[in-house]
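Sequences and hints are given; from them, build the entire structure.
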Amino acid sequence: MRGDRVKNLDTYKVGIDATIHEALKAINEGVGNIALVVDGDQKLLGTVTDGDVRRGLLSGIDMQSPVSMIMKVDPVKAKPDHDRQFILSIMKQNLLRQIPVVDAAGRLLRLEVLDELEGF
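Just so you know, we're using our numbering here: the sequence shown kicks off at 303 and counts up by one.
Calculated directly from the structure, the hints in this document are not laboratory data. A hint or two may mislead.
Claimed, not checked - Taking lysine-lysine and the DSSO-like style, the derived pairs with C-alpha atoms no more than 30 Å apart in a straight line are:
#	residue 1	residue 2
1	Lys-345	Lys-394
2	Lys-379	Lys-315
3	Lys-327	Lys-381
4	Lys-315	Lys-394
5	Lys-379	Lys-327
6	Lys-374	Lys-315
7	Lys-345	Lys-374
8	Lys-381	Lys-345
9	Lys-315	Lys-381
10	Lys-374	Lys-327
What follows is the structure in structure tokens.
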């Protein structure tokens, strides 16, 4: 299961120059209901959920606006050495359904999804 999340990580990624529409497509195509905004070095710059898109649209931002207008700039992240139980506790404490895992340089390594972690 973990290999599937790593292999399909590109499904979730959008660049900082992406539109909200492009981020919503990534959200829709992945199982994590999230888009991960990364730079050219795969450093995580932010996250966008379907709720972020809804709030943006309700505030008058249109779908062709840059994703940077609605992304969460400093999302909760996990480290590669965090075990499953620790990641689950972070997710539950912060009411998260998904959490990106990044290395010491902030590069995106994988995405952990609550439903999958609880299913172990």
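> Are Lys-381 and Lys-345 close enough, with their CA atoms no more than 30 Å apart?
Replying inline: Holds, at about 13 Å.
>> Run the distance test for Lys-315 versus Lys-394: straight-line Cα separation, threshold 30 Å.
In response: Given pair Lys-315, Lys-394 holds - Cα atoms ~24 Å apart, limit 30 Å.
> Given the hinted pair Lys-379 and Lys-315, is their alpha-carbon gap at most 30 Å?
Replying inline: holds, 15 Å
> If you draw a straight line from the CA of Lys-345 to the CA of Lys-394, is it 30 Å or shorter?
Replying inline: holds, 25 Å
>> Hinted pair, alpha-carbon criterion (30 Å max): Lys-327, Lys-381. Please report holds or violated.
In response: Roughly 27 Å between the alpha carbons, so the hint for Lys-327 and Lys-381 holds.
> When you check the alpha-carbon spacing of Lys-315 and Lys-381, does it fall within 30 Å?
Replying inline: holds, 18 Å
>> Holds or violated: Lys-374 and Lys-327, Cα atoms, limit 30 Å.
In response: With Cα atoms ~17 Å apart, Lys-374 and Lys-327 stay inside 30 Å; holds.
> Given the hinted pair Lys-374 and Lys-315, is their alpha-carbon gap at most 30 Å?
Replying inline: holds, 14 Å
> Going straight from one Cα to the other, do Lys-379 and Lys-327 come out at no more than 30 Å?
Replying inline: holds, 22 Å
> Is it true that the CA of Lys-345 sits at most 30 Å from the CA of Lys-374?
Replying inline: holds, 14 Å
Of the numbered hints given earlier, the model fails none.
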